[in-house]
Amino acid sequence: MRRARLSRTAGLAVLATALGVTTLSGQASARPASHAVACSQAAVQKALSAGGTYVFGADCHLQLTETLTVSPGRTVSLDGNGHNVVLDGLGPDNVTRTRILALSARDVLFLHNLVLTNGLAQGRPGSDGHSRYVGEAGGEGQSGRGGAIYNPKFSTVVLDYVNVIHSTAIGGDGGDGGNGGDGQDAPPTSNPGLVNGADGGPGGTGGIAGGAYGGGVYSRGTLVVVGGTFIGNIAQAGAEGDGGAGGAGGDGATLHCGPNCTSPGGNGGQGGAAGKAYKIFNYALAEGGAIYSNGYFSIRDATLTDNHAIGTRPGEGGDGGDGGASGCSTATTSICGTPGDGGRGGNGGYGDLAAGGAYFANGYSAEAQSAFTTNSADAGQVASDCSAGGTGCGGRGGAGASAGDDGTVGGSGVSRDADGRTARAIRPVKIGRNASAGAVRRHHHLRRSLSRLVEGGVGPLTYKCAKLPRGLKCTKDGFLTGRPRKAGDVTFVLTVTDTWAAVPNTAKRHVLLVVKH
146 MRRARLSRTA
156 GLAVLATALG
166 VTTLSGQASA
176 RPASHAVACS
186 QAAVQKALSA
196 GGTYVFGADC
206 HLQLTETLTV
216 SPGRTVSLDG
226 NGHNVVLDGL
236 GPDNVTRTRI
246 LALSARDVLF
256 LHNLVLTNGL
266 AQGRPGSDGH
276 SRYVGEAGGE
286 GQSGRGGAIY
296 NPKFSTVVLD
306 YVNVIHSTAI
316 GGDGGDGGNG
326 GDGQDAPPTS
336 NPGLVNGADG
346 GPGGTGGIAG
356 GAYGGGVYSR
366 GTLVVVGGTF
376 IGNIAQAGAE
386 GDGGAGGAGG
396 DGATLHCGPN
406 CTSPGGNGGQ
416 GGAAGKAYKI
426 FNYALAEGGA
436 IYSNGYFSIR
446 DATLTDNHAI
456 GTRPGEGGDG
466 GDGGASGCST
476 ATTSICGTPG
486 DGGRGGNGGY
496 GDLAAGGAYF
506 ANGYSAEAQS
516 AFTTNSADAG
526 QVASDCSAGG
536 TGCGGRGGAG
546 ASAGDDGTVG
556 GSGVSRDADG
566 RTARAIRPVK
576 IGRNASAGAV
586 RRHHHLRRSL
596 SRLVEGGVGP
606 LTYKCAKLPR
616 GLKCTKDGFL
626 TGRPRKAGDV
636 TFVLTVTDTW
646 AAVPNTAKRH
656 VLLVVKH
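Those letters in the sequence shown? Residues 146 to 662, by the working numbering.
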């Protein structure tokens, strides 16, 4: 695989003059003494541990069983010397994959004329929450960073005509929330009074999805790329954990106390919400299909093709628990309590954004004469068949005397290109059922925010009120103000509009206001 190449002296000059760090030999003008390295994993690992300059003398294809690691404080050069040298993260069993190279503290690694392929950095998934009366939250997925190369702070990597191919960083999935426990049934009783079934417990929240940074290379230190190709590398964020189901309400008691005592069933527990997306440095969940850099980064004369950053996959809200059945009297004139209300379904998650299909640079960067084709940053998307209470994404409301609300459907994520341009997600606006603006005394001044009644939306939101009682008005930014003149229970119509979208997203509902004397 011999090709036009940066000379060793020129490569060292890149390190010495452009970056201001020590060269491999200590002098940019001198060629370091080199040693032959055998085509074995043990020999290459020994070289990385010892430091120095090493040259392959023949073609070599190494299928790795574990990551090659540079020992702390070492300066190492590996040179393919015109031979076809492949460091392969796919092991000899052709199943297991591993990251190819990892630096430690204050290392310098110079690679020339090599191929790095099939590397994998896989973040561990979060643990599922335990099911108990209050369902436990799912654990957080860990991030995947640098499928082929991991370069920490204070270390340096120079890639001189190195091809990085089909390597992947994958974030761990968030764990699912545990289910809430069922409420206890009320025991049979002959004592007069009110005896209830216990409420069901809430489901646990789904775990946070792990991020993915640099399918090919993750760098917090210095990274210099001269020539070479990056093809088919992927940074794929993990999935949000699903919310746990709410527990069912307990049944009311069988009553032996005459016709005038009742025993309502317990209410169903609320379903757990889907997990969220974790971001580092307040940026996207998936960044840099080929390269992620948060330090000094220089790239020239390279080709980046078909690399992708893919945002998190949304989780599903847990179903609300069903309300418990009512208890009935055994007297001749049988009287029953009311069944419990169904629990609210948990809200579905939002697919999070992705950035930098080819590379993402959050520090100083320089780019020259490189070619970019068919790279993409793809936001996480909700499933095409998502519905509230249907196929998931928003949990089903529980059944009962009053059915629980279905959870909201999550939105798709946001993609950002190298110039920082974004396409934003639709997050549906919703006003909660049985919305209430609370209570106020007649003739007393009122200034109350209506935003607490609203879920979702990207913003800015605008508010409009109709059928308000005399003396009251609502502002465009969502405050109910004025002095009500007449006592009593009144309802008004609240309309909330999310204005950012080309087609405005609107919710409307009647809201209760209690005006006291």
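Bear in mind the hints are in silico, worked out from the structure with no lab data behind them.
Heads up, a few of these hints could be off.
[Said to hold, decoys possible] What follows is a list of derived Cβ distance ranges for each label pair: (1) H588 - T399: 49 to 55 angstroms; (2) T212 - E600: 57 to 63 angstroms; (3) V279 - R445: 53 to 59 angstroms; (4) S581 - T212: 16 to 22 angstroms; (5) K653 - R445: 53 to 59 angstroms.
Where a beta carbon is used, it is the ideal one built from N, C-alpha and C, also for glycine.
Those earlier numbered hints the structure runs against, lowest number first: Of the numbered hints, 2, 4 do not hold.
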